[in-house]
Every structure is written in C-alpha cells, then in structure tokens.
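Enquirer: Each chain, written out:
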Amino acid sequence: MKILYFAWVRQKVGRAEEAVAPPPEVTTVAALVDWLAAQSPGHADAFANRRTIRCAVNQDFATPDHPVAAGDEIAFFPPVTGG
Amino acid sequence: MKILYFAWVRQKVGRAEEAVAPPPEVTTVAALVDWLAAQSPGHADAFANRRTIRCAVNQDFATPDHPVAAGDEIAFFPPVTGG
Amino acid sequence: MATVRVQEAAFDLAAESALLAAGRTDIGGMASFVGLCRADDGLAALTLEHYPGMTERAIAAIAAQAEARWPLTGCTVIHRVGRLPPGEPIVLVLTASSHRAAALESCAFLIDWLKTRAPFWKREEFADGRERWVEAKAEDDAAASRWEAR
Amino acid sequence: MATVRVQEAAFDLAAESALLAAGRTDIGGMASFVGLCRADDGLAALTLEHYPGMTERAIAAIAAQAEARWPLTGCTVIHRVGRLPPGEPIVLVLTASSHRAAALESCAFLIDWLKTRAPFWKREEFADGRERWVEAKAEDDAAASRWEAR
Chain L
1 MKILYFAWVR QKVGRAEEAV APPPEVTTVA ALVDWLAAQS PGHADAFANR RTIRCAVNQD
61 FATPDHPVAA GDEIAFFPPV TGG
Chain H
1001 MKILYFAWVR QKVGRAEEAV APPPEVTTVA ALVDWLAAQS PGHADAFANR RTIRCAVNQD
1061 FATPDHPVAA GDEIAFFPPV TGG
Chain Z
2001 MATVRVQEAA FDLAAESALL AAGRTDIGGM ASFVGLCRAD DGLAALTLEH YPGMTERAIA
2061 AIAAQAEARW PLTGCTVIHR VGRLPPGEPI VLVLTASSHR AAALESCAFL IDWLKTRAPF
2121 WKREEFADGR ERWVEAKAED DAAASRWEAR
Chain F
3001 MATVRVQEAA FDLAAESALL AAGRTDIGGM ASFVGLCRAD DGLAALTLEH YPGMTERAIA
3061 AIAAQAEARW PLTGCTVIHR VGRLPPGEPI VLVLTASSHR AAALESCAFL IDWLKTRAPF
3121 WKREEFADGR ERWVEAKAED DAAASRWEAR
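Protein chains in written order, with this note's numbering: chain L, 1 to 83; chain H, 1001 to 1083; chain Z, 2001 to 2150; chain F, 3001 to 3150.
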C-alpha cells in the first residue's frame, strides 16, 4: 500500500510518501498506525499522540476501524486548517 | 409644512410634493392624514387604506401619533421594497 | 464609517473590494452580496424610486447598526435607482472584518434591513405593457426581524 | 455542477462573478466570501499545503452538499496553495441563487465546511524566523457543526 504524509506528520516521518507491505494481520487503520509507529524513531514521533492524527483511505476521511488493504492509498495528517 | 409623496401614493395624489398649511388642530401624523384625505379625490384615493401607508417626518420613519408642526418635511409612501 | 452611495450607474465589486482592502493586513474575511434584477413572469424592467436625502440617512443608520454589532474594518453599501432591465445588479453590500463570521453575518444583516428599512420602491414593467408596484413581502419582514432579538 | 479549483495564482472575484451571471436573468442574489491572510503577531507569510486529488474531491463533495441543500444557479470555490504574505487572498466562495437567503446561507456553509473538511494545512512563518503549523480551532468545528442539525 501507498502511504502519504502531510504537514508536521510529513516533517516528523521525514518523507512525503512511502510504499509499505505490512503483515497480513494489519487490516485496519489503527493496526496500520501501530505497525508504522514501530518503523523508525521519526514514525514513532509522528504517531506519538494519535488523537492529533487524521487519516484518509483512498482520499476519503477514515476512522481508526476503517479497513486497509494492499493497493490502498492511505494518508496521515493533522486536523485540517484551510479556508 | 412640506409634504412629499412616493411610488403609488405619488401617482394617486397626482403630485410629488406640495406645501400645505393645515389648521392648528392638526398636530399628529394621523390628523394630518385625515386632513389631507379631504383635499381632493386623488388624496382620498391615496389615503383610502391607511394600513398600506408609511410616513416619515423630517426623514425619519414616524408612527401615526408622531407630532407634526409647521416647517416639518413629511413624506407618505407605501411599505418599502428596495434591496 | 461606512461608504454609502445611491446612484444610477452600475457599481464595480472588484474596485470596491480593493478599496476596503487597500493597505490593510488585518482583514481575515470579506463578504459581499449583490442583488440582481430577475426576469420573472416576463419582466421587461424594474424602475427604482427613492427618497433623496432620507435614503442615504437610512442606509447610513443601518450601516452604523452593523458597525455597532460586529467588529468591522470596512462596510460599503451601494444601491442603484432608475430603470434596470433583468440581469442588472441592483444593490451591493460589502463587509470586511478580521473574523469571517462578523463579515458574513453583518452582510446578511445589512441586506435584510435594507429591504425593510430603506426608502426604495420598485415598479415592474412587463413585456406586454403592464406596470405594477412591487408589494412588500412578509418573508422580508421575517428575515429582517430575526436580527431584532439579538 | 460547482466550479472547484486549487491553485497558486490569485483569483479574480469580478471575473468569477461575471462567469456565474453570464447570460442569466434568473439570479436574484450572489454572495461571496474571500478569506485573506492577516499579519497577526508579526506573521511574514502563510504556506498552504494540500493533498492533491483528495482536496479537489473533498471540495467538490462539500459543494455538492450545498447544491443539495439550497437551490443554487451557480457555485464557485477557489482555494490557493503555496506561500502567501499578509493581505493576500486565500480562498473564494461564490454562490448564486434566485433567492438571496439561499445565496447567503450556502456561502456561509461552504466556508465553514471548507475550514473543517478540506485537506489543507497552514504553516506560519514569522518575521523573527520562527515557523509553526496552525492548529485546528474549536470555534471552526463549532461553526461547521451548526449546519449538521438541519
């Protein structure tokens, strides 16, 4: 799956996107966050406070229990501040 | 006092303005309307339904009990429809 | 202090916006409303009559109310008079504030009160030659009165 | 069908209004909101980041909501990205309807929902070199949520 990061999540992870292949038990956004947080100190820092992270799966906002699968485009970012 | 008429009130009275000198007992907008309505068939027609007439005394909206005096500018018109 | 004008000529929204914004960096939002003449029921034109002198006073008083209720950095109201065919703009309300809600709410307030408290009258002229004075609408009174309980 | 654009370039309110009105005589009111960059606390510039693809989808979905809730004859949303110094316009919302209340309410709705549902992020850059990401505001959530009970 393709992971995208925006704003300070991107800065903390240290990259704007990456392709990942988590193990098969990673079937939800919440499980994906747990798995990503263990990938590097930058990832751990970015996901340290999960209440401040928002997620989109295939460009729609998604909750922690939303399913994820190979081929998905999954984005993590702070609460939005446009307008 | 100077009387101004607007919109269909002006059309029914047949003039846009006139100078009048009502008798001294005409001390309110309501009394002035009664007096004006007796001045001509056009005036009578214009003031036939007083609920549809609005008034301004010296360029401020005024109610029927508002005082009127020599030297005042008094306007009669339908409910406003701008904007 | 609001800018208030009653004129026959068209107005220029972009130029008026630029005037309110010129040299400022404290504006967070500008809201505008433009009312236009609709071609309802074969309407050929509207003719707007007003009460010169009182109209400007009444609009200035309404604008002063808006400035008292919301923290505005600018406020412009331009109302046209004379004969206006369908598609022509009739009225412009423009407000600026550091806060978007103040700009948006004051703009809605201004147009609602203008409709019920400024001395303008519209005469409709139809393609078949009929003419009639527009009657005041109860819905406009209702829209205006929602600002009174505040 | 709304016009939605995400762009670095400035927008032209007058040109966008003219596009919505072109050839029509059924528009009674057009409402606009322009959000601008304020120079709060020594701000030197805002940089707006977005999620290409999702941003356009999200704005189109918000505009579709507005068109479902109000009888609009036109709707335009343009949001800028990139680095914007104080005084620069950031976002334009423009709505047209035969009825003024529909134009005004949908304009307010669109900016409230854009603030809370479209993937943009603002980074502030100050004169003294500090940088920080703007945090989401509870008041924006409150403004957006007032449209949910309807």
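Please keep in mind that the hints were generated in silico from the structure rather than gathered at the bench.
Do not rely on the hints blindly, as some may be mistaken.
Derived lysine-lysine pairs resembling BS3-like cross-links, with alpha carbons at most 27 Å apart [to be verified]:
1) Z:2122 <-> H:1012
2) H:1012 <-> H:1002
3) Z:2122 <-> Z:2137
4) F:3122 <-> L:2
5) L:2 <-> L:12
6) F:3137 <-> F:3122
7) F:3122 <-> L:12
8) Z:2122 <-> H:1002
9) F:3137 <-> L:12
10) H:1012 <-> Z:2137
Enquirer: Under the criterion that the straight-line Cα-Cα distance not exceed 27 Å, is the pair residue 2122 of chain Z, residue 1002 of chain H satisfied?
Expert: holds, 24 Å
Enquirer: Is the Cα-Cα distance between residue 3137 of chain F and residue 3122 of chain F 27 Å or less?
Expert: holds, 12 Å
Enquirer: Regarding the pair residue 2 of chain L and residue 12 of chain L, is the alpha-carbon distance no greater than 27 Å?
Expert: Given that 27 Å is the threshold and the Cα spacing comes to 18 Å, the pair holds.
Enquirer: Does the structure keep residue 1012 of chain H and residue 2137 of chain Z at a Cα separation of 27 Å or less?
Expert: Between residue 1012 of chain H and residue 2137 of chain Z the Cα gap is close to 22 Å, so the pair holds against 27 Å.
Enquirer: Next pair to validate is residue 3122 of chain F with residue 2 of chain L; report whether the Cα-Cα distance is within 27 Å.
Expert: holds, 24 Å
Enquirer: Next pair to validate is residue 3122 of chain F with residue 12 of chain L; report whether the Cα-Cα distance is within 27 Å.
Expert: holds, 16 Å
Enquirer: Need the status of pair residue 2122 of chain Z, residue 1012 of chain H: alpha-carbon distance at most 27 Å?
Expert: Holds. Residue 2122 of chain Z to residue 1012 of chain H sits at ~16 Å (cutoff 27 Å).
Enquirer: Keeping to a limit of 27 Å between CA atoms, is the pair of residue 3137 of chain F and residue 12 of chain L held or broken?
Expert: holds, 22 Å
Enquirer: Has the given pair, residue 2122 of chain Z with residue 2137 of chain Z, been kept, meaning a C-alpha gap of at most 27 Å?
Expert: The hint holds at about 12 Å.
Enquirer: Is the hinted pair residue 1012 of chain H and residue 1002 of chain H satisfied, with a Cα-Cα distance of at most 27 Å?
Expert: Measuring from Cα to Cα gives roughly 18 Å; hence the hint holds.
Checked against the numbered hints above, the structure violates none of them.
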